[in-house]
Every structure is written in structure tokens, then in C-alpha cells.
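Read off the chains here:
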Amino acid sequence: MSNSTISVAEAPPGIEGAGFFATSLDNLVGLARANSLWPLPFATSCCGIEFMSTMASHYDIGRFGAERLSFSARQADVLMVMGTISKKMAPVVKQVYLQMAEPRWVLSVGACACSGGIFDTYSVLQGIDRIIPVDVYVPGCPPRPEQILDGFMQIQELAKKESTRRRNEPEYKALLASYGIE
Amino acid sequence: MSEIALVNNPNVGLDKTQKGGPYVNELSTLNLGPTHPATHGIFQNILTMDGETIVDAEQTVGYIHRAFEKIAERRPFYQITTLTDRMNYCSAPINNMGWHMTVEKLLGIEVPKRAQYMRVIMMELARLTDHIVCNSILAVDTGALTGFLYVYQWREFIYEIYEEMCGARLTTNMGRFGGMERDFTPVAIEKIQKLLKELPAALKEFEGMVMRNRIFMDRTQNVGGISAERALNYGFTGPNLRAAGVDYDVRAMNPYSSYEDFEFDVPVGTKGDTYDRFLVREEEMWQSLRIIQQAMDNLPEGSYHADAPHYYLPKKQDVYHNMEALIYHFKIVMGEIDAPVGEVYHSVEGGNGELGFHLVSDGGRTPYRLKFRRPGFIYYQAFPEMIKGTTLSDAIVTMSSMNVIAGELDT
Amino acid sequence: MKLSNRTKVVEQGEMTLAERMYLPAIVGGMATTLKHFFSKPVTIRYPEQQRYLGPIYRGHHILKKDEQGAERCTACGLCAVACPAEAISMVAEERKKGEEKLYREEKYAKVYEINMLRCIFCGLCEEACPKEAIFLRHDQMVPVFNSRDEVIYGKDKLVEKMDQRYLREGWK
Amino acid sequence: MNDQIIEALQAQFGEEGVYGLGESHGILQVTTAVENIVPMIHFLYAHPVFKFQFLTDLAGIHFPDAKGQELGVIYHLHSLENNVRLWIKAYAPIEEPNFPTITGLFATANWMEREAFDFYGIIFEGHPNLTRILNMDEMDYHPMRKEYPLEDATRHDKIDELFGR
Amino acid sequence: MNLLDSVFIAKASFIGVIFLITLGVAAYSTYFERKIAAFMQDRIGPDRAGPFGILQPLADAVKMFMKEDFIPANSNKWLFIMGPCLSMLTALMTSAVVPFGDTLTLGGVTFDLQGIDVNIGILWVFGIVSLGVYGILIGGWASNNKYSLLGAIRAASQNISYELAMGLSIIAILMMTGSLSTKAIVEAQQNGHWNILYQPMGFIIFLICAFAECNRTPFDLPECETELIGGYHTEYSSMKLGFYLFAEYINMFISGAVMATLYFGGYDYPGVDFVTAQLGATAATLIGMGALIGKALAFVFIFMWVRWTLPRFRYDQLMGLGWSGLIPLAMFNVVVTGLGVLLNQQILVGIGGVVVFIAGIVVYDQLFVKKKLA
Amino acid sequence: MEVSNIWYFLSGLTLLSALMVVLAKNPIHSVLYLVFTFFCISGHYVLLNAQFLMAVNIIVYAGAIMVLFLFVIMMFDLRKNQPESKSNLTKLAGSVVAGSLLVVLIALVRQNNFQTPQADGFVSQTGMVENLGKVLYSEYLLPFELVSILFFVAMVGAVLLGKREAGERNF
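Protein chains in written order, with this note's numbering: chain V, 1 to 182; chain G, 1 to 411; chain X, 1 to 172; chain D, 1 to 165; chain L, 1 to 374; chain Z, 1 to 171.
Derived from the structure by calculation, the hints contain no laboratory data. Just so you know, not all the hints are guaranteed correct.
Unchecked claim - The list that follows gives simulated cross-link-like pairs (lysine-lysine, DSBU-like), each with its CA atoms no further than 30 Å apart:
1. D:K67 <-> G:K271
2. G:K316 <-> X:K35
3. V:K87 <-> L:K77
4. X:K35 <-> G:K191
5. G:K315 <-> X:K64
6. D:K146 <-> D:K51
7. X:K157 <-> G:K316
8. X:K131 <-> G:K331
9. G:K316 <-> X:K8
10. X:K64 <-> G:K194
11. L:K77 <-> V:K173
12. D:K146 <-> G:K105
13. G:K316 <-> X:K40
14. G:K315 <-> X:K155
15. D:K146 <-> V:K87
16. G:K194 <-> X:K110
17. G:K197 <-> X:K40
18. G:K113 <-> X:K8
19. X:K131 <-> G:K197
20. X:K107 <-> G:K315
21. X:K155 <-> V:K160
22. D:K67 <-> X:K8
23. G:K315 <-> X:K110
Stated by the list, open to error - Rough simulated footprint, nothing fancy, chain V against chain G, three-plus residues with beta-carbon under 8 Å:
24. 61-68
25. 86-92
26. 163-172
Unchecked claim - Some residues of chain X that are not near chain V, with every Cβ distance over 10 Å (derived):
27. T7
28. Y22
29. L23
30. I26
31. V27
32. K35
33. E67
34. G69
35. P84
36. E99
37. E105
38. R118
39. R137
40. R148
Glycine residues also receive a C-beta, built at the ideal position from the N, C-alpha and C atoms.
For reference, chain V alone in the conformation it holds in the complex:
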């Protein structure tokens, strides 16, 4: 089991001493959040199958503490939109995003979800960032599980850096307001 090449999540920088460990709450919370991101797989098409690969034994998203899928939006931390989002589906995606509890991140997986991909058609939404704020885009059609993991780790980085107060700040509110979310 033990494999020295594994990079364990780094302890937050703090002052270490005998029985003394101080760090700012933000870092600790960020670290905890980053290692316990429960995804909500909004899988509609091909990318959903690659997400299954990501979950399966060969790639094992569980290594990042994310094998507990939350199909209930309330419990999820990362909304992973995988696959084409048509204009018919768009309100549903937005609804799911609204139902999620803060803090929430959005990972847009695959060409279709990011930009519409080859489906530059009357019925396909040209990128989900037209309806909800997206944190990380993963290119590919479908992306390899490696790329999905890359995207996931990018979300982890964001979670680590994020201040616990960010979600109350006016910038964040303004971002949501630009999408018509109060």
C-alpha cells in the first residue's frame, strides 16, 4: 500500500511546535473542503461514461475523498456538468445549481458543456457559463479521466485558496447577480 510517490495533501503552513499548531481557520477549512468535495454528477451524455471511468477502479476519484456521489443537490459541493446541455435542459441545470448549498463549485466537463462543442445548433446551449458561473472548464470530447481528475484537482486548489468569507463578499454577490441569481 505505502507508496512514497504519493503526494499527501500538505499540511497548511503554520507554526508547529510541541503540542502547538496554529494556522488560520481559513486554511484549515479550505484544506478540509478540498479533501471532502462531494460531487453531484450531472451526467447527460458521453462525458458521463467517462465519469464512470473516473469513478471506477482504474482512476478512482475516491482517492480525493470524492467517491460519495450526492445525487441530492443539497449535499453536494461540486456540480459536475458532463455532457450536452440543451436549451430544454438549461432551466434544470440552473435549478440544481440554485438548490446547492454554499460553498458550491461548478466543474464543466467536456466540449459540449463548456461551449456547445460540435453542436452549434438551435437546440443546444452554447456553454453552461451562459446560465451559471463556472469555476473550471475541462476540454475534450469527452475528456480522458485524467483530464477530469485535473479539473477536479483544480477545484481542490480553488477550495484551498478560498476564504471562508468569500461567499458573503460583494464581488461574489455581483457575480451571481450577473447570472440573475440573487
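Fit chains G, X, D, L and Z to the known structure of chain V by using the hints.
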């Protein structure tokens, strides 16, 4: 429809004088999907339930409608291959090959035997991936996740073979009009041999976990059944029809790509229920392995593509040095191949049934009209009839055993 | 209905007594899971371990240069035509005197942009290119993006660096 | 087989009722008038020899240049026992694209007809639930008709002047 | 008063210790569940949060605490909050009567390693277990969501049904021991006379019922993901969800402890006398406590092992198994045990009962079922 | 704390929650208050040193019967019907019935002399399992058996009533 509207509408009360009718008082509606885990994110079913028993169901589809047929009217023939990838994405090579064969039929290209055998191998590998996912997801929906992960490892292995052949895992864009774009590499052959040797053990293990497990059998036997007559009336094809007892298999009835050379059985069920669908798919995987084995044993020597310079891209070196090849190259890429005016239909046995391509060509660079006959779209409409009177759990199991692939359903 | 003579009926089969008592499946299933419990995991620990991508994997795009360091692309536009996603756009320009070192052909792409979010990595551009200029490299994947502004790759990111030349096994 | 079918159809519906005969890779195609569709399919369904009891596909099609016959429907029947396929085509003017429904005979025609309605606006009279199936209910045109563009108007990132697109 | 104080402090400290052990075990059960599942599925499981991922439960806990607390509109606020609290409360209360060990004397203070030794101990367990469903029921109803409600209703009927069989299987034990006190039951099993030898059938019934009462696969219908999304906790987020998940793991641990108490001799372990002679009574008692916790953890492993192996039942099949399978079987077991007590040959009769049962099934199968099939 | 104080506190709680059972608008709340009432009564049993009764009370009433009540109410509550307003006649009839019941109860209490419990004659083991068992199986054997037959008959009747036509699921 009208009854459901009655139940949903608070302003219209139920007729209380009507006693013993199908709509007794405690009916409720349950919205299954589109974000429900069992509907794989794309289908919506509004179920009218009496307790946990389903009284009626109304489906909504089209949540990932992407206008394939419209796109196909604006793209040159060879670019449509990328569309077919995304139709039944669980078994993309079958779609690719089916489309290529359709166009070859229109253009009148004769494909050499080796290419045909290679196609058969890739198509049967695709069928394996399709059925692996369908059957193991059925097990997952009954609650047994682990078996899914055991067989999924082999699906990953098949992906590796795809990668050797075309460079992608899922949306393969494999092959060209007139054959394959490259020959089997030694690595690919080695991997296929390994698969033939080791997949049976994994399949046996999976079958051991669920196939004779009473919990699983109770969950699936006599659930979501459909009679052969109704199945035909609903236009079922593929494993779902065969489970009902009709041995309609395009590979056996209208052999294409040298399927007539191979020994294989067409498994049929007896009752048409979920367990039969499971068994038929399971048996088809064994038959696929048999076909691949035969094709590998008898793989003919020769060219892997047709000698059709008008339609098959020349080698890169020739393009650079040979004027004629360069002209063909430009014509093919610009889509200005000389397609005849005509109308063809070609169907292949896809993962879910008869996957047909109805191509109307007016001689232009794009199809005039391309209609995909998607088996999923056609048989999914029988779902309400199949689940009526069963419980919510049965509905979910039935849905996953039907293997409705959204990409195929909604195009 | 019997349509072909290849029919093979799969029988559901009645449960035996032991099967009705749930025993063999539970014991067998638990034995299977226990066996896997002690077997070696197949997981590839991705960021540290890389999976073999295959010799022709369709990954990151690259615009090749020839041995002298001149760009091969001649801005013929076939790749853009072949692209089903319409992700490639380019502006062609005539090669001027003294630029022979930079561009191999008389015409070259002044601007060559690929929208990485549109691209579907189908490999049609690679097939379409008559000059063997654009390739999808087999050893590298496109990275993830944080914002929409980064996604259009220009020539700065696409053209091959001479110190890190891309070579493919069994180069045709 | 195909000759027999033509003979039987012509005997039943007269020479003028069955026209546009053709064959493509073994598949017979016939064209008929809209009012003949249901009787013809019924006839073929119930015929003791032909037994066209499987509706493989139903496709709409649009020919903007054929005046008075703009919209067509192709019925793709399959006789499983004889392994014979047959296309029946019928055309109607775009102003009045009324076709009879065959949902009474084939349950599977339900969604196929809804799809044809959704894409082409072909109206199947007597259909139990003729509403849009794949597109949104709010859509106010039938997108597969040739005059409507494919592209979404909101895409910004491509240069349209390139190479004739 | 001084005496009372010391007893009180001893009790309080013991309860505190048990509380901490329970919480710790429950927290780490989540980690081990993930790891065990991963190994069984040829994966690795969490390995990024700390070495081997052992900080995973902490990460989950901190995340849940910091997550937005969400109370859906149109829901009943007080009941919505009460649901998880009740679940947690009832899960923790059961451990009060589990004897974790013999009396322990440390520094002149005598600790009784049991929360309360009441003469109705096993009824207490039973009563609390039957109350456990309120948390789920209330939470599921208060969420104002159909899936939650379905989950709650399933939980209620499932728990009530399986309580019956569970109670009947316990009665056989009570008949043998002649007391309701858990302490007395454990003491009757000392020196290797574990009840599993006398009550194999009763144990199996109890085990199955324990699975059902803990809502674990194959009886996890109230929360099964593929059918009900999250079941009764679909609408819960943040720590309220944490409470529900936690309660499930606590229930598993405690039911493991109860099973060890009832059928596996509680804190008894082979070689008690030897250890007592060599290391003294204190060490022996502490090892006994460890033995009980070890047995309970072994049961937790079995819970997880089964979960990652078997599919789940359908609703009516689950009811059928409970009402027409387990309850008659438990009744049969009661009769057999009565016979054993009468004849004073309990092991023989216990094993004989199993043999007779199997023989009866075979005969029935041969006579009736085969005939019906033919 | 004095035992009598606990008794007063418990009794007050019991009365309060019992009142709330009647007064609560939401049937679910009523049921929950009823459960709470049972807990208070169980507390009284503990005060009387009748632990067995307390446990049985919780198991049977709070744990099983009230769960079923809750279950049934939730099932019927699926459609969230507004309770129909009662007509004046029902209200009148209700008050008449309740009033006469009250009169009868008060008359009963007035007619009978209750023994005051003697503290020194109190046997602490009366409520224990062993004594209960002995009394049940000796002195009250006949009533006990009769009650069991009654329950059995009731059970069979319930099964017969609850069973629908063959082929239907009984959920």
C-alpha cells in the same frame, strides 16, 4: 393524459361517486428525473403512484436533443462520423462502421475482406462494452456496485484497444469510407488476444455475483415484461426484442461485413422480462467473444482498405509528392466527392438493436436527408406500458435493463 | 417467432432449494469480494503515475516545424474545413523575402487559432493536413481552464518549440 | 417478392394509386396518395403472404422545390418472416400537411409521428398526443425544414467568412 | 455524600469514555467503509487527506460544519431540526445497557463498566431501537419532499416488521438465561459458553434483523440512492446530514456490541483465567473491554462486507422475508429452545433444531414445490 | 430533588402534552405530542418502580403503535388536503358526548373511595418482571389467556380485512 391532468390539477376534483375505479383516492404524482440518479440525468417520467405502485407514467424526452439530423444536412459525409460517435456512445464503433457501410453502399465501394473482419472485431468489442455497461449498471441499480467495478476494468481494457486503433477512448471516429484508417498493430493484436483469454474469467465472476443470486432474481424476474407481440408492435429490436422471444438479429438476417462467415448463436429469452434481458445480453457477450475469436483466427491477409482513390484518403507521403493524390486529397477533404443521387438504407445490429441509416442523397457534398433509426428512441416509448402496475423499484430496474442511451434517443 | 436458424434459448431456470435460501450467492459473492479485498488494486494514481496513452492518442494540438525550424503550415485551410466543430480559424499571409527560414511554403498562417473548448479531438484536421503540419500529440493532454479567456490557443501555444520537438514512434 | 408486392398493390389500389416505383439495394419503394396510406399499410399488414407487420421507421422529408408536394413521409415497413423491406412514400403540400395517423396499427408510430411533427410540422390526424417531442414546447417553428438555419445565433468565436461557410 | 460523588464521577467518566469511543468508532467507520469498499473494488480509496487518508473523517466533519445550513421552504422547521437530533440521541442511548466489561478498580475507585445495570436491560435496547425510527420518520416528513417521505415511510414499516422477528429471536435467549438484564446474560456466557453455540438460528435471525434495523444493504431501502436519491435525508445538508450519517454508523457499532453481548459472550474471551492470574484483574477486565469492542468492530466489518457484495431487496420482498420468513423461523426457534430447556440438552437441541429445520425444508421442497413445478 | 416534585413536574408535563394532542392543528404534531405523553406516563411508571411496564409502554405504544399512526397519517397526508370545517351540529354532538363522559367519570370518582397507598407497606418488587409474570400466570391466568385469544381473533380479522384481491400488491 387526461386522467393525469385530473390528478395534478387541484381545481378539478376526482369524481367521488365513482367507486372501485382505477383512481382511488390516495394517488400522488412523483417526478422521476431528469436529475434522478436512475434516469442517468436525461429522462423525465411523471409517475402517478398509488402508494409505491405505479398507476400511470408520462415521459418527457428531448433533454439532450442536439439536432443531429439537421447537422447532418450541413456537413460533408466524412464529418458525420463524428456525429455517429455521439449517438450510442457506449458502442461508438458500431455506429461509425454502420455509417461507413451506408455510404459505401451509396458509393458502391467494395471493402476488402480483411477490413471487413477488422470491422467485425471492432464492432463486437463495442458490443461487449455496451453490454458490460448495461448489465453491470442493472446490477448497480439493484444495489450491487462492486460487480460493476470488476467488469468495468475490462471495459477500460477494451478502451486501450480502441486507443491502439484510433487514438481515442470513447468517441472513436474510427475507420473511413472504404475500410479502416490503419492496420492492426502488433500491440492491438496482443491486447485482443489477452482480452479473449482473460475476459471470460471476469465475466464468470460477475455472473457468479448476481446471476443466480436470489435477491437479484427476485428483483428482475417477472418485472417489466413485455410480450413478443407487443414488443413487435412497439418496434423493439435487439436484445430487448430477443428477450421477448423473437430472434430478430440483423447480423443473422441481413448479414453485413462478412457476418455470414461466423458461427454464432442468437440468444432469445422466453418471457421478455428484465431477467431475460439480462440473460440475453450476458449470452451475447459470450457470443461476441466467440465471433472475435473466429475473426482473429481467420483474419485474412491483404489490404485494410478498399482501392478507391476517389473516396479513400491517400497516404501523406503521396500527397506531398504526387499531384493526383494531392487533388484527391483536396477533393475528399473539401467533401467534393462524386456522390451519386440516390436513396439507401443500411442497418447494423447496434448495442440496442437495429441501428439504421436512411440516407437520401441529391449528389451534393452533404446528405439531403439523413434519418437515423435509433432503436433506443423507438422502444423507450413502451416504458410506461411496461412499468404500469409495478413499483418504483421495478421501474428503475426496468429502465436500466432496457439500456436507453440518451444520446441515441434524443439525437 | 423463429427467423434465423441460429436461435439459442436462454432459460431462466428455476431456483434450486439452496438458491431459494439465498445461500450460494451470498457465500459465493462474499468470497469473491473477499478475494478482491486482498488482491492488488489496479488503480493508476494519476497525477504521480501516468497511464500509457497509446501511440496515436489524439491529445494536444501541435503545429510542426520541419528540421530547419520552418513552419510547415501553408494556411491552405483544409483543417478548418474538415473541422466538424468549426474550432479552427486562420488568417493566411504571403511569405515575404527573407522569411524562408521561418516558413517552409510561400504562404503561411499569420494567425492560427484553435478554440480548445470547441475542439472534439476527432483527428480530422490531422488527416486533412496535406503538409503534415498539424498533429494531435499522443503524449500530452490539453490542460484545464479557469476562465473563458484562456481557451483560444494561438500560434504561441501551438507551434512546436525547437528545443522540445515532438516525435512520434513509428513516424510515418 | 418485390414484383409480387407491386402486383398485389396494383390489383388492390389500381395502377394510378401506386406510382413512383423504384428499387434501391433490394428495397422496394412505392409512392401513393395520402388517402391511400392507411388502407395500403393495413392491406400489407393483413396480407397472408407479405405480413408487413413491423414498422422499422417513419421519416419526414422536405422538398421546398416540389410545389404542392413539399412535405413527405416515408414509411419503412419490414416483413420479418419474409425479410423484405418496403418504403411507402406520400407527399402533401406545405400549407396543408395533413397525414392520417397509423398509431392504431403500430404503437411505435406514436413517437415517430410526434418526431415528424416536431421537425417538419406534419400533422397526423387522429394522433392521440401530437405535441413536440424533442424540442421545447415554446419553439415556434419546425427546425428541420430547409429554410431554417442550423446555427445557434449566440456563438461568437468563429470567423464565418472562412472557406465558404 | 462523598461516596455518592465518587460513584457519580466514576459513572460520568465511564459514560464519557464510552461516548468518545462510540463517536470515534463511528467517525472512523466512515473512513473504513470507504477503504474497505475501495479494496473490495480493486481501488485504493481516500489517500490524500493525511497519510493513507486517515484525516478524511476530519475533513468531512469540518466541511460539513462549514457548509451552508439549509432549511427548505415549506418545511416544518422544528421537526426538520428535530429529526437528525432524535436519530443521534436514540443511536447513542442504546449503549447505556451494554456491559463493556466487568467491574474495574482503579486507584480505589470502582468503575462499573456498564452505563446502567437495570433488570430490563434488553428491553431497554429494544425500546430505544423501536424509537430510532422516529428520527427518520420525522425528518423525512418534515422535508416536504416526496422522495424523503417515501424513504421515511419505508423506514417505518421496515423497522416495525423486523422488530417483531428480532424480539422473538431474543426471547429464546431470555428463556435460556432467565433474566432480562444484559449483565446477567453476559455472565451466563462466561468461560466459553457463548450463546452462538446454543442459538445458531436465533443469531442468524438477529443478524438479519440488525441489518434491517440499521438500514444497511440489502435492507437500505429508506435511503437507496438509485431509487430515492437520498431517501429521508435528501433535503438535508451540512451537519444535520452529518448527524444522520453518523447515527447510522453508531447504530452499526452498537448493534455489533449488542450482538457480541447476546451471542458472543460479551467481554468474555478465551483465557480469561490465565490473564487474570498473570496480569491481574484490572488488565483482564481491560482486555475484556477490548475484546467486546473488537467483536463489535468485526460485526461492523461484516456489515460493510455485505453492503459491498449484495444487491438490495425490493419493498414487498423485504416485507415478505420479514413476515413470512423470519417470524415463523423465530417462532420455531423459540419452540426448539423451549424443548432444549426442558430436556436440559441445549447444544444438542439447538443444533438438532437447525437440522430438523433444514430437513423439513428439503422434504417440503421435494413434496410440494417440485410437484407444483412438474 | 424530592420525588414528589418530580411527580408534579411529570404530571404537569403529561397534562400539558395531552392537551396539546387535542389542540394541535396538525395531525402529525398531535401524534408527536401523544408520543411525548406516553413518555411522561412511562416516567410515572419508573417512579412507581415498575420498570418493566415502562419499557413495555415505550416499546408497544411509543415504538410500534404510534409509529403506525404516524405512518398512516403521513400516507394520507400526501395530498395535503385542507381539513374540512366541521358543521355546528358535529360540534354540538361532540360537546354533548364529551360532557356526559366527564359527568360519568366525576360520578365514578365521587362514588368510590380510593385506598391511599401506605408507604411502609409498599413492596418495592411489585412492578418487577418476576412478580408480574407470577401474578399473570397464576391469579390472572384465565383473563390473560382470554385476552390473548381476543388479540388473536383481532389479528386474523385485520389480516382478512387488509388482504386485497389476489394478484394485487399489499402495500
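Non-interface claim for X:T7: all C-beta distances to chain V beyond 10 Å?
32 Å, holds
Check on X:V27 being off the interface with chain V, judged by Cβ distance over 10 Å
For X:V27, whose nearest Cβ neighbour in chain V is about 24 Å away, the distance exceeds 10 Å, so it holds.
Given pair status - G:K105, D:K146, alpha carbons within 30 Å
Within the cut-off at roughly 25 Å; holds.
Does G:K315 pair with X:K64 here, judged by a C-alpha cut-off of 30 Å?
18 Å, holds
Do the alpha carbons of X:K157 and G:K316 lie within 30 Å of each other, as the hint requires?
At roughly 25 Å apart (the allowed maximum being 30 Å), G:K316 and X:K157 satisfy the hint.
X:R148 non-interfacial with respect to chain V [C-beta, more than 10 Å]
Label violated. Min Cβ-Cβ 6 Å, cutoff 10 Å.
Pair hint outcome, D:K67 versus G:K271 [Cα-Cα no greater than 30 Å]
51 Å, violated
Run the C-beta distances from X:I26 to all of chain V and say if the shortest one exceeds 10 Å.
23 Å, holds
Between X:K131 and G:K331, is the straight-line Cα distance small enough, at 30 Å or below?
Cα-Cα ~15 Å, so holds.
Restraint check for X:K64 with G:K194, where alpha carbons must lie at most 30 Å apart:
Violated. X:K64 to G:K194 sits at ~36 Å, over the 30 Å cutoff.
Straight-line alpha-carbon gap G:K113 to X:K8, limit 30 Å:
Cα-Cα ~28 Å, so holds.
Are at least 3 residues of the segment 86-92 of chain G within less than 8 Å of chain V when you compare beta carbons?
With 3 residues close enough to chain V, the hint holds.
Checked against the numbered hints listed earlier, the structure breaks hints 1, 2, 3, 6, 9, 10, 13, 16, 19, 21, 22, 35, 38, 40; every other hint is satisfied.
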